[in-house]
Amino acid sequence: MQRHFWRKAWRFRELFLILAWRDLTVRYKQTILGLGWAVLKPLLTMAALTIVFSALAKLPTSGHAPYMILVFTGLLAWNVVAYLISETSSSLLGNHNLISKVYFPRILIPAATLLVAVVDFFLNFFILLCLMAYFHYLPDWRILFLPFFIVLVLLCGFGPGLWLAAINVKYRDLRYVVPFIMQLGLFVSPVGFSSNIVPERWQLLYSANPIVGIIDGFRWCLLHGEERLNLSAIGLSILVSSVVFGLGLRRFRATERTFADLI
Amino acid sequence: MSNVVIRAERLGKKYTISHQPSRPDLHSLRAEIGQQAEAIWKKARSLVRNGAIVPRRDYEEYWALKDANFEIGRGDIIGIIGRNGAGKSTLLKLLSGITEPSEGCVEIEGQVASLLEVGTGFHPELTGRENVFLNGAILGMSRNEVRKKFDEIVAFAGIEKFLDTPVKRYSSGMYVRLAFSVAAHLEPDILIIDEVLAVGDAEFQKKCLGKVEEVAHSEGRTILLVSHNISIITALCRNAVLLEGGKISNFGPVHETVSQYFLRGKATSFSVEFEPTRNDAGSRGAMLLGAQIQDAGGRPKGEVDVHVGCKVIMRYRVTNDMTKQAHVIFRFWNSEGQCAFVSTQSGGPFMRGDYQAECRIPPELLNCGLYFVDVALMSTQFGEPHYFDEQSLLCAVAVEQTSEAREIEFDHAHTAAGVLRPKLDWTIKQLT
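Protein chains in written order, with my numbering: chain A, 34 to 296; chain B, 707 to 1138.
Source of the hints: derived by calculation from the structure; they are not laboratory data.
Even for Gly, the Cβ is constructed at its ideal location relative to N, Cα and C.
Among these hints, one or two may not hold up.
Stated by the list, open to error - Covered stretches of chain A, as calculated for chain B (at least 3 residues, CB under 8 Å): (1) 59-71; (2) 130-137.
What the hints assert, rightly or not - Covered by chain B, per the in silico footprint, the following chain A stretches (three or more residues, Cβ under 8 Å): (3) 44-51; (4) 280-293.
Can you make the complete structure from the sequences, with help from the hints?
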């Protein structure tokens, strides 16, 4: 049964690619700036967070890293998680016409969102590299560990997304809850500031939020190790992300047969 | 490899429908909010306790399809007919795997493509070209397949000029044409079509039908077709399924199934007796007693061979002597509701008594398909036309008995257009 599920999904891989391609193409249709928005949005967020946390709140950066770079590395991870949770959870509803009229493995729809998130990530990553070049602050050998954290950040966002997507089909309440939580999450997670400013005795509790370990990891890889490598936070992050992903996938598979009836 | 490609056993699908409990005692917004809050609190409580979120009594079970058993062989073209809500779409959804059956099972051999809606997954912002690829992938074509057939698809839809325009700018006709032509170029083993042939203008519809026929006659492809357009069903399918209230009530030759469909629905049959004690019909002077379709030999029969013709028999009773002429009338209607022809016969004066009128429908007049016949009795006794009685309760299916001796005049004689198909006298002579 397990093998069957994945084999079926593989047979429909072209549909998966084309759904992801559709989501990417449609996004900036009939806009003047087009792809410019993909560049402008993270830069503006970065500027706003830098102004609030550095210029106004006078929070310290980690080591010698420019504060803007610190913020952008945080955003790099945060955007993936935020996009995955909000888009994956609503992806089934957004494609209800497909679900009720055509048969294909339902996992393709959230999976297509995952692919879009990956593309987005690399675009943001490219912007970050440009920024770093501008500040003459290029990453060192630690960047080699980045792929690990990339996988982790995708897992961390996809798991809850999958779970919420399955629930969302039946209970639409989540539509109102998710955006609110995401808004809150931006300030609870160490995106606009370094997690160092959290007092030592609260650190462990703080890292129960799996994004904390991931953002710390990103900063360690990209900022010359000036953000210390918080192993317990990373371990906790791996644990929480995998458990949530496992539960999410299980929930999705248990309910996917009823999607067409409920949506 | 067996010859059965679809086998359904005790196939059933149950839906639960919820009823909004109405509370007539609620008049103010405040009371309403109070009730809502209470309901939310109850839901939250039972959610925590892992109970049902919606109270059981608000639910009712509804079997959209029940106990369906059938087998469909390779290369069959099966029509599925039935009234709205009879379970046609549910059956198609079960066969295409969109929903899971609540009981029973269905075994399918081969690749299935379902076309339950024209343009499923079309994205308004994408161009025609992009949508062809998107829709193709959704319907199960590989990118290479679409690329190979791309020119054919575009030519069939006739939208070459607008390929790079977003489809939201298309007229609705262009939109459905493009959507249908993508679907028409699918090449699955089993094709499931739900009421989508009636798109575009008349010319395009004809093209669509031709395409479906072409697909159907190509090797070993099985087609399941739902349509309310009975003439499409009779033209394309040899066998048909009749669904009634979620149950299969007939699965057999298309004409048999189609006539049963109409028989049940309108209490229509090829032979009817009218109640002689109907109010006021008799008091006006005359009334219909019965009507019947008979074959040329005089046997009551609902199936008429177009090459042989049939008879329409009407019986009526005159209750008061009539001094002026009276007319017996019948009209033939086709299944789309067009009147094919009217025939009347005048007679009289009529003395009190029972009468029988007989009219012969000549061979080579009717086209294949379903006809309804209504009968009436009329008189000009009081200066203006006065209808004594009108009944519309007969139906007849005209078919072409396939016999090898019959010369083949049209290649696809059974799909010849027209309400009637009379055989007329022709003379052809050489002029130069």
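Let me make sure I understand: some of the numbered hints might not hold for this structure. Which ones are they, in numerical order? none
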